[in-house]
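Peer 1: Protein chains in written order, with this note's numbering: chain X, 1 to 315; chain D, 1 to 308.
To be clear, the hints were calculated from the coordinates, so they are not data collected in a lab. The beta-carbon is built from N, C-alpha and C at its ideal position, and this holds for glycine as well.
Pair by pair, the computed Cβ-Cβ distance ranges are: (1) Lys214/D / Gln100/X: 31 to 41 Å; (2) Ser166/X / Lys216/D: 32 to 42 Å; (3) Ser225/D / Met1/X: 47 to 57 Å; (4) Pro15/X / Cys212/D: 35 to 45 Å.
Within a straight-line C-alpha distance of at most 30 Å, the following computed DSSO-like cross-link-like pairs (lysine-lysine) qualify: (5) Lys121/D / Lys18/X; (6) Lys202/X / Lys109/X; (7) Lys310/X / Lys121/D; (8) Lys171/X / Lys186/X.
Some residues of chain D that are not near chain X, with every Cβ distance over 10 Å (derived): (9) Leu23; (10) His72; (11) Leu82; (12) Ala96; (13) Met151; (14) Arg170; (15) Lys218; (16) Leu237; (17) Asn247; (18) Ser261; (19) Ile265; (20) Pro280; (21) Arg282; (22) Ile288.
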Amino acid sequence: MILPAKKYLCLEGNPQDKLYIVKKGLLQAQKREGAKSFIVGEAGPGTLIGEMSLLENLPCKFTYKAVEETELVVVDQQSLKQTLNRFPTWFEPILHFLAQRLRQAETYKSRTDKIRALPSLLFLMCRETEMGGKTTFPIETLIENLRIINGLGYNDTFHLVRALCSLNMAKIIPGEGVHLQVFNPKVVRLLYDTLLARAVDKKRPKTLLSGENQMILSAFVDSAKAKGFNYHDSTGVSSTDLFASYKRLLPGVKFISTSMTALGEEGYLYTYPAYLSSMKTEDIQLFYADIDKVMDILELNRIYPLLDKKLPESF
Amino acid sequence: MNPGNPINKFIPPTPRCVPAGSLVFKQGDEAREMFLIEEGELLAFDNKGNEERELFRMGKGSLVGVTSIFEHEPKPHSVKALTEVKLSVVDEACMASLLKVTPIWLLTIIKTIISRTRVAKQHTQVPLFSDPLESLSRFLFLRYGGKPLEMVEIVREYSWQTRVSEESIRGALRSLVRRNMINLVAGENGPDSRIIIEQPMLLDLFVNYLICEKTKRKYPPFQLSPREKSCLEFLNLEKAVLTKEGNDWLKYLQVANPEASVAEIIKFQELGILYRDRDPGRLKLQRIKLEHFLLAIHNEASIKGSCL
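This is chain X alone, in the form it adopts within the complex:
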């Protein structure tokens, strides 16, 4: 087959079931990244194009364009079948086995690359929102910085950003210049610091709360929204109201006042009078806290477990 200069052999993503072997000439491999196309390599004499398309019917990985007139040998399904007919029957399954292993290895690598780029992405989101002071910023800057710091490509970064959006952390705003809107920059910072603390200290960070403590804080937010009052520049709720919310959220589960020790130590929730382990639940008159801080920490504890569960599924 002769492909004239400047003609396309195949287009990225298009179905293909043939293998091409470059005999003479030169092709350029291009990959789409958003609206742009980038040159990612060249295919000269001896290069195979489409081995996975021939064996596994996978679509074209890249777009190939002839730089000069190029001569190619085409191996189609029929030629493959004729060749394999001359071989023992167990030879063909070996080829498919090796092709499947490659597909699995590349899929695993692609997924791992994205998951491992998450810390850098969160770091960059923190930087944009904290230094730039805006919750909405151009996504191009984020992608470019992630490419430089981590090496993740444009398309993979977009997948990763979409996965974060599916966790309800941010939103992609389409338009001429695509923007990313971060819903709560403080939660992004908390998440980044929590992941870093977990990786560095090799133990559960204090920002990750037990189920019991999460429920107490949820009951606080629930009662504060309905009956909260200003208490020394923070939000206060009466113990009666908090216990009522707790009962509604967790029917039949007893409020464990000892949880207040950890919540107070971490600065999330305080009681009046100040909590002592010797105190009984009924001694607590009111609870108070910085409600924004409580809501941020609850949001972190909602998102954190989803990272392991939902994020890999998104890829």
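Given chain X, work out where chain D should sit, using these hints.
Peer 2: Coordinates of chain D only, in the frame set by chain X:
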């Protein structure tokens, strides 16, 4: 079989019969052979403590141990016969005799697939980028918040983000010190334990220079003529916001350099140092851009690494 078929020259697999309950191979076994199940059923298992844990079963027509022959990997698990099993054993000699008569294009497919699999597996453990200096410089530029950075924390954080080894990071930091991009000073954690970045923008310019080098583009600040450079130096002396008409800019620059021409005005517009103001016909000085150009020019040796 066609007597003229070169495939007839290949060494056939060896038949083997394995009684029920017997081991076919053990986990970690390095024998380079694979098996085709002709009859019966095999069980793959591994041992957790003293207990045998079933992984999967394989029946007639299944291939076992392909990677040991193609990728020379030890067997990832043990396999035993559940029933009496008839196997065809394909050893290296048998496979080599078959590959000898395999068309070159098919052989190349096999080699390409195996090599791509190996690369994909190895590369899950290494950073995706090729230049840690470029990555670390951008990280430091973005991480710097005006205060000295603790080396231990930075190394840990950057290593966590990128999987670059701590040793390589310290090496890259030393390289940045030699380029006068950062300084190391004594801190609570000992000598050279704090990173001082006097001109963070220099790190950013350095990254832009490295990107230009990598993509074989010319780095604009280093392409300026001596006349253009002297014009930029003169522009930098004026700290007020400057907006002028094109001709006035020319007269202004000719004060510093009588040879300045309209070519400089056009060049500075192309570089974004001068840009069209809201007022038609007037050009405004983009001071930040000018400062970046001059910073790069004044630190050319550090950026290019010729100071090393």
